[in-house]
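Trainee: Chains as they are written, first to last, in the working numbering: chain A, 6 to 61; chain B, 20 to 240; chain C, 11 to 266.
By construction, these hints were calculated from the structure, which means they are not laboratory data.
It cannot be assumed that every hint is accurate.
[Unchecked claim] Which residues of chain B face chain C? A few of them, derived with a C-beta cut under 7 Å, are:
1. I166
2. L174
3. V183
4. P187
5. I190
6. I194
7. G233
We put the CB at the ideal spot given by N, CA and C, even for glycine.
Each chain is listed here by its residues.
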Amino acid sequence: MIDLGPHADYIVASYAAAGLVLGLLIGASVLANLAAARRLAALEAREASKPAAAKQ
Amino acid sequence: MSAILAVIRRELTLARRIGAGVELGIVFFLILISVVPFAIGADQKLIGRIAPALLWLAALLATLLGLDRLLQADEEDGIVDHLQLAETPLMLVLAAKALAHWLVTGLPLSLVAPLLGLMLAIEPQAMLPLSISLLIGTPALTLIGLIGASLTVSLKRGGLLLSVLVLPLSIPTLIFGATVVKEAAAGRAYSTPLMLLAGVSLIMLVVAPLAAAGALRFARN
Amino acid sequence: METAPKPSLWLRLANPAAFNALANVLLWPLIVGTIAAFGYGLYGAFMTSPADYQQGETVRIMYIHVPAAWLSLFVYAGMAVSALGTLVFRHPMADVAQKAAAPVGAGFTLICLLTGSFWGKPMWGTWWEWDARLTSVLILFLIYLGIIALWRAIDEPQRGARAVAIMTLVGAVNLPIIKFSVDWWYTLHQPASVFRMGGPTIDRAMLTPLFVMGLAYLLLYLVLLIVRMKTELMVRRIERLQIVAADKQARQGGSR
Chain A
6 MIDLGPHADY
16 IVASYAAAGL
26 VLGLLIGASV
36 LANLAAARRL
46 AALEAREASK
56 PAAAKQ
Chain B
20 MSAILAVIRR
30 ELTLARRIGA
40 GVELGIVFFL
50 ILISVVPFAI
60 GADQKLIGRI
70 APALLWLAAL
80 LATLLGLDRL
90 LQADEEDGIV
100 DHLQLAETPL
110 MLVLAAKALA
120 HWLVTGLPLS
130 LVAPLLGLML
140 AIEPQAMLPL
150 SISLLIGTPA
160 LTLIGLIGAS
170 LTVSLKRGGL
180 LLSVLVLPLS
190 IPTLIFGATV
200 VKEAAAGRAY
210 STPLMLLAGV
220 SLIMLVVAPL
230 AAAGALRFAR
240 N
Chain C
11 METAPKPSLW
21 LRLANPAAFN
31 ALANVLLWPL
41 IVGTIAAFGY
51 GLYGAFMTSP
61 ADYQQGETVR
71 IMYIHVPAAW
81 LSLFVYAGMA
91 VSALGTLVFR
101 HPMADVAQKA
111 AAPVGAGFTL
121 ICLLTGSFWG
131 KPMWGTWWEW
141 DARLTSVLIL
151 FLIYLGIIAL
161 WRAIDEPQRG
171 ARAVAIMTLV
181 GAVNLPIIKF
191 SVDWWYTLHQ
201 PASVFRMGGP
211 TIDRAMLTPL
221 FVMGLAYLLL
231 YLVLLIVRMK
241 TELMVRRIER
251 LQIVAADKQA
261 RQGGSR
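This is chain A alone, in the form it adopts within the complex:
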């Protein structure tokens, strides 16, 4: 590990802050995507099964 000098804390903190914000952005985007995909799949499955049930 290289020596970051007397202000190492600030350097680490700023990288941590940037990582946190990016992590939150990525996490929120991916979770929202997965949630939407799951709900859409459930809805489409229901739509697909319903007409079949009605025809019987």
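Position chains B and C against the provided structure of chain A, taking the given hints into account.
Mentor: Frame of chain A; chains B and C shown alone:
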């Protein structure tokens, strides 16, 4: 032209009837200024130094607070629909409404500001520049507010959102306006910030009615 | 795509299915590129680049701070173009892109502010200095927040899209004025030193990691944009399906 005048006359009458005329704006301005010494202490020197900023902030708030009703009442009555079908371009009607709003807020504020400046220990030579800067700058505040009002017109509780949208855009006006008074108080030339202030107002005069008319038309679709 | 004249790529992208197909092709290469760029950029930022003779090791904050500032403006410019796409060309994907981009842009702006603050503490001695550049970025952040708030306040996507588009364009007109006024208000900061007339004054060993990090941010932005646009399209489809389902239910209930 007569349609524009009619719009202005109607706005002024309405403002008077619902008790939101000139007097209330001035009283609000006065109260804002009176509250300040309680918040920062009765230090005459300190108050004198921040007075230009205070007066401009007060003008900003006074202009902002009446804005959410500028179009909302008309939207609820269905008047906005009529204005869109009218022959007079919506842009001009909106500019007329902004002018009427300015006549009952910005204009009286500019006129009484020197009096309040006296209370706030502003240098005597800065009184006239204070009035002039408010006279030139408050139209920009009203016009920026018009954009915010048109964007939030159909929202139930648009007031707070309106402030969030409008305040960042009014920063240049605030900077140039307060600088005019500060420079004048220090006995320096203040024509540059005054010109810039006028520039902001003129740009807003072009942009705001256009954007507001667009927002209203699209809200209706 | 059976229509006789083959529509342009731009037009074909108006179709969500076509957009999804293209997005799926692009997504994984972009993700790989993002990871590679971040890896190389961070390696360069910590290993190969020297410490600044004036600022010492704290200059390493630059590699995440400055590209974030670039991206905050780049994303806003993209949103302004999308706004034109919504208002002028009525391109259906324009407002989807705009809605997807706003939080990402706000995120980059926030990174710029936070890292600037961490940079400022050892350099200026305070967490926050009201200097022209940081203040401009702060105002940009506030405009982003206003746009996101406007998205949330309007529930109909169609109407919301147009209101937000107008707000975005008004902001775009105002940003240069704000930038100018803030600069004018306070001119104390070091002058812009990367894109200056007569070539950059920063050492090459610092410039390469800086640009690689910029590329990494850009690629990450594209990845997030694609993922969020796909999400938004799915959400809109869910809403449509639910309306159709509720409609069908109501009709069946009425006929009985």
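Trainee: Could you run down the list of hints and mark each one as holding or not?
Mentor: We went through each hint and held it up to the structure:
no.	hint	result
1	I166	6 Å, holds
2	L174	5 Å, holds
3	V183	5 Å, holds
4	P187	4 Å, holds
5	I190	6 Å, holds
6	I194	5 Å, holds
7	G233	5 Å, holds
In this structure, every one of the numbered hints holds.
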